[in-house]
Amino acid sequence: MSLYHLGEFEEIVLLTVAILNGKAYGVSIIEEIETRIERNVSLGALQTVLKRLEDKELLKSEFGEATKVRGGKRKRFYEITTTGRQILRDTKEQRVSLWNAIPKTALKYS
Amino acid sequence: METSENNPPRFFLKLFRWFCHPDFREEIEGDLYECYQNYAEQYGKEKAKWFFIKEVFLLFRPTLIGNIHKLTNLNSTVMITKNRRLIGIMGAITVLLFIPLIAMQFSKEVNWNFLDFVVMGALLLATGLLCELVLRKVKTTKNRMLLCGAALFIFLLIWVELAVGIFGTPFAGH
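Residue numbers (our numbering), protein chains in the order written: chain D, 2 to 111; chain S, 4 to 177.
Everything labelled a hint here was simulated from the structure, so no lab data went into it.
There are no misleading hints in this set.
Below, a list of computed lysine-lysine pairs in the DSBU-like style, where the Cα atoms sit at most 30 angstroms apart:
1. Lys57/S x Lys74/D
2. Lys50/S x Lys69/D
3. Lys48/S x Lys74/D
4. Lys61/D x Lys93/D
5. Lys93/D x Lys109/D
6. Lys17/S x Lys52/D
Using the sequences plus the hints, can you model the full thing?
Written out as structure tokens, the structure reads:
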């Protein structure tokens, strides 16, 4: 995916990070995606996309607290950057404009 | 595959720690741990163990791996030196195989057939790669010389046995 275009999974992850609003870390993002869109996500697939989005500067992250349930390891919390917000808005506008361009008869139930 | 009371399989945890990039290790290990605990609570320890193993394998991706990234990092000076040496070994093998080939054109005393070239090529390649492995893994000069010397000695023994048969083995030459 290019810098200015989001892949389908990238978009889902970015939206989920926005939904979680400051509480987004690996496990919480997976749970949110599984609950909302019933899609199984592996930790490997998620972490790869999170790192890519961070490289594109659409996400930023910082370490949080360590808990016993995590074997004493800290969480990395993700947040959307200003560029990330802009790209999400642009993507939404593109989608809406595409939906609006569909002729009414094209998606009519037969 | 050891598992202590409420911990994920230790071997696969170590495997993950080995291949994961150090910059990402802490957060991903924490996520793995938390996922394992959640899964164990929901589905039991046995299922959680298999889930953990699957997740560790699915984490083996170019973006996340550390050790292998270093091995394939061609910008590293060490890697360039190692690759140059390997190319040198391959080049030397080719040159050595050309010697009998050229000699055959001028003298009837050198008479190698295709199989001779294949066997000699395989022998030289095995010896060269063994020496390369020794040079990559062994750090002290003394041990390097000993092991490379042993590899060359074994090569010479096999060569002599194939050529004139000094030990009388089934593949001895005459």
